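Residue numbers (this note's numbering): 1 to 176.
No lab work stands behind these hints, which were simulated from the structure alone. What you are looking at is a predicted structure, and each value in this text was computed from that prediction instead of being measured. Fair warning: there could be bad hints in the mix.
[To be verified] Here are the simulated SDA-like pairs of lysine to any residue, each with C-alpha atoms no more than 20 Å apart in a straight line:
hint	residue 1	residue 2
1	K122	R86
2	K122	K72
3	K122	T144
4	K129	F58
5	K136	L114
[Claimed, not checked] Distance windows between CB atoms, simulated:
hint	residue 1	residue 2	range
6	E118	E51	36 to 46 Å
7	H74	T146	15 to 25 Å
8	K63	A99	12 to 22 Å
9	S49	R86	40 to 50 Å
10	A70	K136	26 to 36 Å
11	P110	F61	30 to 40 Å
12	E116	R21	52 to 62 Å
13	G90	K136	35 to 45 Å
14	R21	Y75	36 to 46 Å
Each residue gets a CB set at the ideal place from its N, CA and C atoms; glycine is no exception.
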Amino acid sequence: MMIHEITEKVGRFKARKRVGRGEGSGNGKTAGRGHKGAKSRAGYSRRASYEGGQLPWFQRFPKRGFSNAAFKKHYHVINLKVIEERFDDGATIDLDSLAANRLIRDTQLPLKVLGEGELTKKFSVTAAKFSASARKKIEAAGGTCTEAVRKPSTAKVEGESKKKNESADVSDSDSN
1 MMIHEITEKV
11 GRFKARKRVG
21 RGEGSGNGKT
31 AGRGHKGAKS
41 RAGYSRRASY
51 EGGQLPWFQR
61 FPKRGFSNAA
71 FKKHYHVINL
81 KVIEERFDDG
91 ATIDLDSLAA
101 NRLIRDTQLP
111 LKVLGEGELT
121 KKFSVTAAKF
131 SASARKKIEA
141 AGGTCTEAVR
151 KPSTAKVEGE
161 SKKKNESADV
171 SDSDSN
């Protein structure tokens, strides 16, 4: 049978190999696992980078350099072609309108607009950042670009500070 002769039903799926079912099969007795040792046991798995007790490479080499990954700013990124497809002419585009159109999930991250795609409609766009090409295309189409960073809601923080102030007032009255 050649590969081009395979029909929907015949030869489409290869049967799984049944191991440990007699010496005549070629995979009997130890079932391809060899003799003894952890690898022959059921449920065996070793962690990635385990070298059998030998000092792992990440411990053999010194730490070098530094990483600013923890301080990286994250943005929701959207291209003009998506805005062109999903919004009507004259629409106001910001984090809330993007979330309403299910283009983003979380409105806590700031928005960055990139310039991929052509723009024929006029939009009023509010974002934390714009690429140079995006700003140019939006303004060329008669729209406006407003840079604004949304502050995360501080309702929880204000509530906590009130509790702290109340506890401070109580401790002041106790000391008198």
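Tested hints:
Between the alpha carbons of K122 and R86 the distance comes to roughly 13 Å, so the proposed pair stays at or under 20 Å and holds. A hinted pair counts as satisfied when its Cα atoms are at most 20 Å apart, and K122 with K72 does not qualify at roughly 33 Å. Proximity of K122 to T144 is assessed by CA-CA distance (about 8 Å); at most 20 Å being required, the pair is judged to hold. Taken as a hint, the K129 and F58 pair is broken in the structure, with Cα atoms around 39 Å apart against an allowance of 20 Å.
Proposed proximity of K136 and L114 is supported: the alpha carbons are some 11 Å apart, at most 20 Å. The given range of 36 to 46 Å is broken by E118 and E51, whose C-beta atoms sit roughly 54 Å from each other. Checking the proposed 15 to 25 Å range against H74 and T146 shows it holds: the Cβ atoms sit about 21 Å from each other. Range check, K63 to A99: Cβ separation about 41 Å, and the 12 to 22 Å hint is violated.
The hinted range of 40 to 50 Å is satisfied by S49 and R86, whose Cβ atoms lie roughly 44 Å apart. Here the CB-CB span from A70 to K136 is close to 34 Å, well matched to the stated 26 to 36 Å. Distance hint check: the CB atoms of P110 and F61 are about 37 Å apart, consistent with the given range 30 to 40 Å. For the pair E116 and R21, the beta carbons lie near 58 Å from each other, so the given range of 52 to 62 Å is met.
The given range of 35 to 45 Å is broken by G90 and K136, whose C-beta atoms sit roughly 20 Å from each other. Range check, R21 to Y75: about 57 Å between beta-carbon atoms, so the 36 to 46 Å window is missed.
Checked against the numbered hints listed earlier, the structure breaks hints 2, 4, 6, 8, 13, 14; every other hint is satisfied.
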